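Asker: Respectively, the protein sequence lines represent chains A and B. Read in order, the letters of the first sequence are residues 1 to 686 in this note's numbering. Read in order, the letters of the second sequence are residues 1 to 762 in this note's numbering.
Hints listed in this document are in silico derivations from the structure and should not be mistaken for laboratory results. Each hint should be verified, as a subset may be incorrect.
[As the list claims (entries may be wrong)] Derived CB-CB ranges, DEER-like:
hint, chain 1, residue 1, chain 2, residue 2, range
1, B, Gly98, A, Leu227, 50 to 58 Å
2, A, Pro667, B, Ser209, 48 to 56 Å
3, B, Gly84, A, Gln648, 54 to 62 Å
4, B, Thr57, A, Arg636, 37 to 45 Å
5, A, Arg636, B, Ala126, 32 to 40 Å
6, B, Asp214, A, Ile668, 34 to 42 Å
7, A, Ile679, B, Gly98, 44 to 52 Å
8, B, Arg212, A, Gly134, 48 to 56 Å
[To be verified] Computed cross-link-like contacts, DSS-like style, restricted to lysine-lysine with a CA-CA straight-line distance of at most 30 Å:
hint, chain 1, residue 1, chain 2, residue 2
9, A, Lys280, B, Lys117
10, B, Lys13, A, Lys316
11, B, Lys166, A, Lys268
12, A, Lys316, B, Lys117
13, B, Lys166, A, Lys192
14, A, Lys274, B, Lys167
15, A, Lys268, B, Lys213
16, B, Lys13, A, Lys280
17, B, Lys105, A, Lys280
18, B, Lys167, A, Lys268
19, B, Lys213, B, Lys277
20, B, Lys156, A, Lys682
21, B, Lys64, A, Lys280
22, A, Lys591, A, Lys558
23, A, Lys328, B, Lys166
24, A, Lys316, B, Lys64
25, A, Lys268, B, Lys105
26, B, Lys67, A, Lys268
27, A, Lys280, B, Lys167
28, B, Lys213, A, Lys274
29, A, Lys274, B, Lys156
30, A, Lys683, B, Lys156
31, A, Lys316, B, Lys90
32, A, Lys328, B, Lys167
33, A, Lys268, B, Lys156
34, B, Lys64, A, Lys274
35, A, Lys316, B, Lys115
36, B, Lys115, A, Lys268
Just so it is clear, the structure is predicted and the values come from calculations on it, not from any experiment. We put the beta carbon where it would ideally sit given N, CA and C, even for glycine.
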Amino acid sequence: MGEFEVHRVRFFGLVPAGVRCLACQPRGGRLALARTDGTVEIYNFAANYFQEKVIPGHEARSVEALCWAAGGRLFGAGLGGDITEYDLARLCAARALDGCGGPIWSMAANGGGTQLAIGCEDGSVRLFQVVPGGIQFERNLDRRKGRILCLSWHPSGTHIAAGSIDIIRVINVSSGQTVQRIMVNYHVQKVKRECIVWSIAFLSSGTVVTSDSFGRVQFWDWDRGTLLESHTVSTSAVLSLAVSENEDSIVVGTSTGATYQFQLLPVKMGSLEKRWVRTKPFQHHTHDVRAVAHSSTALISGGLDAQLVIRPLMEKMQKKGYDAVLRKFTFPHRRLVSCARKARLLLFQFSQHLELWRLGSTDETGKDGEVLPLCRMPEHLVQLKSKGPEHIYCSCVSPCGSWVAYSTASRFHLYRVQYEGDGVSIEKVPKVPKLLLPAYQLQFSSDSGSLFVASHQGSVHVLQLLEPGGCKHLRTFRPPSGSSEAVYLLASSADGHWLATVGGDWVIHVYDLKCFKHHCTVPTYSCAVTALAIHPVTNNLVIAYSDQQLFEFSIPEKQYTAWSRTVQNCGLHKAWLERDSPITHIAFNPKNPSHILLHDIYMFCVLDKSLPLPDNNTLLMNQSTLKQLPETARQRQLHAFKICKKFQPLLFADLLDENCLVMVERPIMDIKTQLPLPIQQKKFGT
Amino acid sequence: LQLYSSSLDGSIKLWDFMDGIPIKTFAVGSKLLALYAIASSEDSVFVIIPKSGERDTFQLVSVKLTKAAGQDLEAKELSVVLDGVDASPKRIAFGREGEYVASVKEVNLQVYFFKRKQLNRFSVSAMKTKSGNNHFTCIACHPTEDCIATGHADGKIRLWRNFCHKKEYTFSTLHWHHDAVMDLAFSVEGTSLLSGGVESVLVLWHNESDCRKDFLPRLGSAIEYISMSSDGTLCCTLHTDNRITIINSNLRFCKSIQGLIKSTDVKTGLVVDPRTKALVLNGEPGHLQFYCLQSDQQLFSLDIVQRQYIHQAGLNQADLVKVAFSAQGKWLATVEEREEVTDPELQLKLWFYDEETQSFKLNTRINTPHDDHITDMCFRDMDELEDDSLILVTTGRDCVFKVWVMVEDTDPEAQQSVSWSCDFVGSYHNYQATNCCFSEDGSLLAVSFEETVTVWDSVTWDLKCTFCHPPGKIRNICFGRLTCSKYLIGTTDYGFLCCWNLLSCALEWSAHLNVLVLQPDPLSEHIAAVSWLSKESSLFVFKPNEPRPIYIQRNLCKEKIQLAAFVPRDEPEMIGSEKYLWLRRSQLFFLTDTQELMTLSTKSLEERLTPSSKQLAVEESLPVTPFSLLLGKHRRQQSQEDTDLGKLFVRKKHEQDSPAVRELLHTPAHVLPSASFLCPIFINSLLISKENKSAEEVADEAEMESEKTDDDSDEDGDVSEMEQEDTSPTELLQEMTCKLSKSQEKELRKIRKMDYSWISAF
């Protein structure tokens with residue numbers, strides 16, 4: 001018999017939305033990503049590309065273009081016709097201004113980040129001034145027929161190149177006049193189809209780079225209006241294009257899912273003559289690559305298959321390490337599943353609804369690896385639809401299963417769920433206390449007696465849940481030193497004594513729930529916290545950081561534990577540190593206090609503190625080799641990390657009771673079937 | 001323009017290429033595997049030589065060619081440029097204006113910059129993908145830019161740039177070939193790249209772009225080398241089938257230079273077309289080539305299989321395996337098969353020569369003529385009554401031989417008057433039929449069944465008699481001709497050449513000789529046998545009525561000779577020397593296993609220099625010797641090499657301690673004499689021989705199988721010695737089977753006396 005009985009859950013029908021646009025913060029370490037459902041995500045390069053912030057979408061707010069301006073301010077524009085500024089501390093749309101030109105297809109900021117240009121459906125290019133506290137309309141530039149699909153500023157800010165259908169225009173910013181018109185399919189004979197210029201880039205040398213629906217990447221001299229070079233990279237459209245900051249490398253994405261790199265290389269050794277050469281092709285996507293970005297060390301691409309692919313440039317890497325691995329992100333780095341351990345329920349969070357499921361059960365036992373027949377099938381109990389156009393920020397189900405809470409940008413909902421035999425009744429709790437919304441994370445205490453609501457400025461509200469369906473605001477914790485960032489992770493202890501919170505500034509605060517006061521602050525570490533949990537027996541806080549480091553902090557003693565110090569002294573295994581996805585959940589086994597259960601998207605790990613740590617010479621994933629060894633040899637080979645890669649991609653794993661695990665998987669193939677068919681390509685040999 | 005050549009003997013020659021004479025010879029000293037000359041360094045050339053002291057490692061060195069006067073010069077100024085290069089000349093290329101040299105080996109690329117004296121190494125991942133490995137196969141350098149193109153075993157072409165930086169190098173990939181890229185060449189301006197491979201398609205890549213490419217397909221066979229002319233107007237491709245194609249710069253086929261087409265495997269053998277006197281053998285896949293020996297040209301190529309050939313490794317495709325002409329060349333029979341593990345797909349086709357179109361026309365197609373592979377096929381050669389008596393015999397591994405005859409076509413819709421059908425199926429003890437052969441007058445058919453040769457009456461299809469020479473399966477058989485038509489010659493796997501007399505049904509003589517090829521001259525009684533012994537091929541020409549060869553050419557070549565053919569001369573040649581008389585009416589051609597065609601010439605090299613065929617000048621000094629002397633020599637050479645030979649021989653004797661018993665068991669029952677006759681031999685064989693012979697004597701005798709009869713009383717000492725050595729299996733067989741007439745006995749005795757007199761002289 002195996003160690004755990006595992007519920008292998010595959011009925012979470014999450015389909016992540018496709019990536020619509022990407023924007024790298026100039027000279028900064030952040031990447032902004034917008035999805036087709038309007039969600040905006042911020043990835044932090046320094047924190048191993050951790051998904052730091054998520055601003056859930058809004059039905060009416062599509063995002064067609066994102067750009068960073070005036071330092072760290074993020075603007076988005078979409079087909080709704082509005083320009084939106086995002087509040088990255090409170091994770092919501094701060095203010096919006098109508099562009100007055102119909103749907104906005106493109107937006108670009110000038111080199112200094114002081115001006116924004118938008119390209120509209122009506123063919124106009126409008127300039128906006130970025131001012132403190134918002135943006136201000138400045139002027140209209142020359143308006144011609146045909147929607148402006150892409151825009152690019154000359155780095156000096158004097159000219160703007162605009163791509164439309166069949167044509168590109170160069171506009172002088174100061175005069176507002178079109179100074180050059182270039183027909184892009186002029187020398188393609190007898191073409192009936194229109195040529196859509198999907199993307200454009202204006203280089204400081206005066207070269208305009210366009211990518212179009214004929215699969216070409218073309219280099220134009222804007223002054224003379226002549227074609228310098230033309231590279232046909234694909235038989236289908238080239239949708240996106242990005243230039244590196246020092247303008248020696250370009251990445252383009254095509255509708256077949258392939259991305260290509262162009263490099264400006266000297267023709268001869270030592271000569272000044274340089275030429276753009278198509279170099280590396282990458283095929284990481286199955287669908288349209290709608291967005292690409294070029295950071296200083298990596299090519300980043302996002303596709304309609306919802307994948308964000310970060311391909312480091314090996315020649316820019318100093319050493320092989322976790323920076324140099326190819327990363328593919330499909331799923332968010334936060335919890336979308338919550339589990340009622342006692343009631344054996346799972347709550348799944350979708351963008352606009354929640355699903356409550358009861359796990360199946362079996363009365364049989366079997367050997368290791370055996371699939372047990374179910375005597376009761378998993379049951380879909382309730383679907384809760386969120387009202388209004390806003391998407392859900394967070395959700396939670398209480399351990400007893402009788403409370404469900406979720407929050408959108410403007411509303412907080414608490415439901416009381418009652419089970420009568422097979423029937424389920426759900427009832428909204430009236431008169432929820434008015435809190436400052438949105439809530440960024442929700443957590444029920446283990447006795448289901450109270451609810452912790454993570455809020456802005458580092459604050460946490462404690463709500464007391466009252467039988468038979470009511471609640472009252474008990475207390476609000478604020479960090480003593482104050483903070484502007486919202487709290488995004490919560491952990492409460494099993495005995496109801498402690499609460500740990502992490503905000504966007506990555507500082508971990510621990511609060512004493514008995515005395516309702518701030519207990520201590522965990523020493524700061526330079527990386528983002530990806531998961532944390534409090535041990536039910538020892539009240540040790542286990543913290544996982546985005547650089548794959550693990551810490552154990554004793555809350556009563558207010559210091560790192562001895563084991564944590566050993567880990568820091570010995571260092572973790574190289575293979576562990578080189579993993580490319582963050583730990584998203586930590587759980588414990590009350591029966592075996594030395595065990596810590598961790599998981600990321602690709603693996604589930606039981607960390608046994610009683611066993612020695614592996615050194616770099618031993619195999620990290622040694623479970624399959626251990627199985628073949630005799631008992632005595634196995635004892636010698638054992639080390640602390642027991643890793644299982646059977647369940648992939650793993651969205652959630654938790655321990656229901658001593659020997660029962662739940663694993664929520666979302667097979668990539670299931671997502672692929674939900675996507676439209678990719679472009680048919682002839683494959684040799686088929 | 002200067003023409004340099006390098007050779008394996010370690011010399012570089014400068015040629016006057018207009019007159020074809022060498023001007024200078026530079027001796028380098030070690031094996032030269034490849035030679036490169038670059039325009040920027042006039043006085044030195046680059047060669048690949050094996051690294052001294054290490055096997056299979058090679059280095060690129062530059063050789064300084066001294067300007068000193070004189071014909072033969074020493075070139076000892078060597079400096080190593082690159083270490084660990086590949087021996088293939090395709091895997092090194094010199095870059096723009098000789099600035100750098102690039103070499104590839106396995107998964108590594110190294111670039112050496114001459115001026116900066118910097119060596120950069122790059123490698124591709126050695127991981128094997130499902131499309132094969134990505135080892136480098138060839139390299140080419142851009143003529144004007146810093147760009148290197150490399151071909152890979154998985155069909156990809158990588159274009160490397162920025163390789164002057166160790167880290168910031170980059171490459172792009174072009175992929176069209178599905179199998180290894182064999183060679184690459186840049187155009188003179190460098191705007192386009194040519195590549196070729198197994199697909200036999202020349203691909204022209206424009207501007208290093210994956211999307212713009214042009215093709216020149218159907219070049220016949222895999223492209224081995226590509227070369228551009230210096231003015232860029234022409235390019236030429238060298239193919240694996242020994243052909244050069246010249247192609248215009250706009251990718252139009254221009255001209256092809258071809259002689260004998262090299263096919264993957266010559267399964268048909270060398271056949272002479274009686275009509276054109278052309279040599280006929282496998283050509284392009286599925287085609288039969290008619291090769292004119294006089295003009296070194298392919299007369300025409302006949303498509304036999306008539307199916308699209310797919311140029312891809314590892315496919316089982318139908319190929320031509322057997323071909324036979326009727327005596328006048330009016331009919332042609334071909335067999336094609338597709339190799340399948342379970343049952344081969346066989347087709348027998350009969351072609352009729354159409355005088356109007358001057359080509360062969362398909363008359364009859366027989367699907368699955370045999371259930372298993374066809375091993376041999378022959379027409380009954382009767383010149384005078386061709387049409388009526390024309391018979392085709394095929395032998396198959398399905399243990400039968402089949403006789404095919406022409407019948408009037410009764411089908412009124414048929415366009416032709418005759419077609420072929422099976423007339424008789426013969427078999428022998430369920431042995432696989434391996435060879436067949438008609439006697440000269442067509443009255444007898446000999447078919448070999450593994451160890452046995454059967455002789456059949458071609459009118460009644462009765463089994464006339466059988467011969468065998470155990471142990472060992474029959475490899476070749478043929479009938480003697482003209483005055484020797486009463487003899488049947490056979491060779492066996494165990495290295496015996498036997499001559500049976502058809503009148504007496506007895507073994508006339510035999511010789512211990514590992515004969516690979518047995519080829520009778522159609523115009524004389526001579527028979528050529530090519531043996532393979534101690535890694536060299538030797539030629540023996542003999543008449544069946546004499547056990548002595550009339551001509552021996554030892555050490556004909558180092559390769560195994562696979563096939564031979566006598567091609568009739570247009571006019572009998574006047575030959576002075578007596579020992580070349582056998583070459584008077586026809587010429588003998590050989591094909592080695594490396595598919596080199598050779599011939600024997602009676603004159604020296606200068607007199608007759610035909611363009612393609614390598615001519616072997618016959619060594620005049622070699623004395624004419626009988627088989628025994630020659631074989632004795634062979635053995636003595638061996639014994640010198642191996643001092644333990646005597647011991648070996650003794651052991652060998654002990655191993656086969658009762659050959660008589662073995663013989664008893666191995667010989668087919670129907671050829672065994674009565675038990676009373678066998679008994680004393682059997683008893684004798686159990687006695688231990690007292691004689692202690694020296695190793696050399698034993699050796700001498702072992703190979704000398706003389707034509708002795710068992711009741712010779714007046715033998716001299718030599719013979720008595722031989723008699724004691726009756727453990728030889730062949731002799732035993734002779735004792736049992738030979739019953740010679742008195743006249744023959746006398747004749748033989750005379751011959752033998754002559755023989756022995758020679759031996760004593762020796």
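Asker: Look at each hint and say if it fits the structure.
Answerer: Going through the hints against the structure:
1. B:Gly98 with A:Leu227: 50 to 58 Å: For A:Leu227 against B:Gly98, whose Cβ atoms are near 35 Å apart, the range 50 to 58 Å is violated.
2. A:Pro667 with B:Ser209: 48 to 56 Å: violated, 38 Å
3. B:Gly84 with A:Gln648: 54 to 62 Å: Check failed, 43 Å falls outside 54 to 62 Å.
4. B:Thr57 with A:Arg636: 37 to 45 Å: 43 Å Cβ-Cβ, so the 37 to 45 Å window holds.
5. A:Arg636 with B:Ala126: 32 to 40 Å: holds, 33 Å
6. B:Asp214 with A:Ile668: 34 to 42 Å: Taking Cβ atoms as reference, B:Asp214 and A:Ile668 lie about 40 Å apart, which means the hint holds.
7. A:Ile679 with B:Gly98: 44 to 52 Å: holds, 46 Å
8. B:Arg212 with A:Gly134: 48 to 56 Å: Given about 50 Å between the Cβ atoms, the range holds.
9. A:Lys280 with B:Lys117: holds, 29 Å
10. B:Lys13 with A:Lys316: violated, 50 Å
11. B:Lys166 with A:Lys268: Satisfied, since the Cα-Cα distance of roughly 16 Å is no more than 30 Å.
12. A:Lys316 with B:Lys117: holds, 25 Å
13. B:Lys166 with A:Lys192: The given pair, whose Cα atoms are some 47 Å apart, is violated under the 30 Å limit.
14. A:Lys274 with B:Lys167: Within the cut-off at roughly 19 Å; holds.
15. A:Lys268 with B:Lys213: Roughly 25 Å between the alpha carbons, so the hint for A:Lys268 and B:Lys213 holds.
16. B:Lys13 with A:Lys280: violated, 45 Å
17. B:Lys105 with A:Lys280: Distance ~22 Å between B:Lys105 and A:Lys280 Cα, so the pair holds.
18. B:Lys167 with A:Lys268: OK: B:Lys167 and A:Lys268 at ~17 Å, within 30 Å.
19. B:Lys213 with B:Lys277: This hinted pair is violated, its Cα atoms lying about 45 Å apart.
20. B:Lys156 with A:Lys682: holds, 18 Å
21. B:Lys64 with A:Lys280: violated, 41 Å
22. A:Lys591 with A:Lys558: Holds, because 25 Å separates the two Cα atoms, which is no more than 30 Å.
23. A:Lys328 with B:Lys166: Roughly 28 Å separates the two Cα atoms, so the pair holds.
24. A:Lys316 with B:Lys64: violated, 42 Å
25. A:Lys268 with B:Lys105: Holds. A:Lys268 to B:Lys105 sits at ~25 Å (cutoff 30 Å).
26. B:Lys67 with A:Lys268: violated, 33 Å
27. A:Lys280 with B:Lys167: Distance of about 15 Å is within 30 Å: holds.
28. B:Lys213 with A:Lys274: holds, 24 Å
29. A:Lys274 with B:Lys156: holds, 26 Å
30. A:Lys683 with B:Lys156: holds, 15 Å
31. A:Lys316 with B:Lys90: Violated, at about 33 Å.
32. A:Lys328 with B:Lys167: Between A:Lys328 and B:Lys167 the Cα gap is close to 25 Å, so the pair holds against 30 Å.
33. A:Lys268 with B:Lys156: holds, 24 Å
34. B:Lys64 with A:Lys274: violated, 36 Å
35. A:Lys316 with B:Lys115: The hint holds at about 27 Å.
36. B:Lys115 with A:Lys268: Cα-Cα ~14 Å, so holds.
The structure shown violates the earlier hints numbered 1, 2, 3, 10, 13, 16, 19, 21, 24, 26, 31 and 34.
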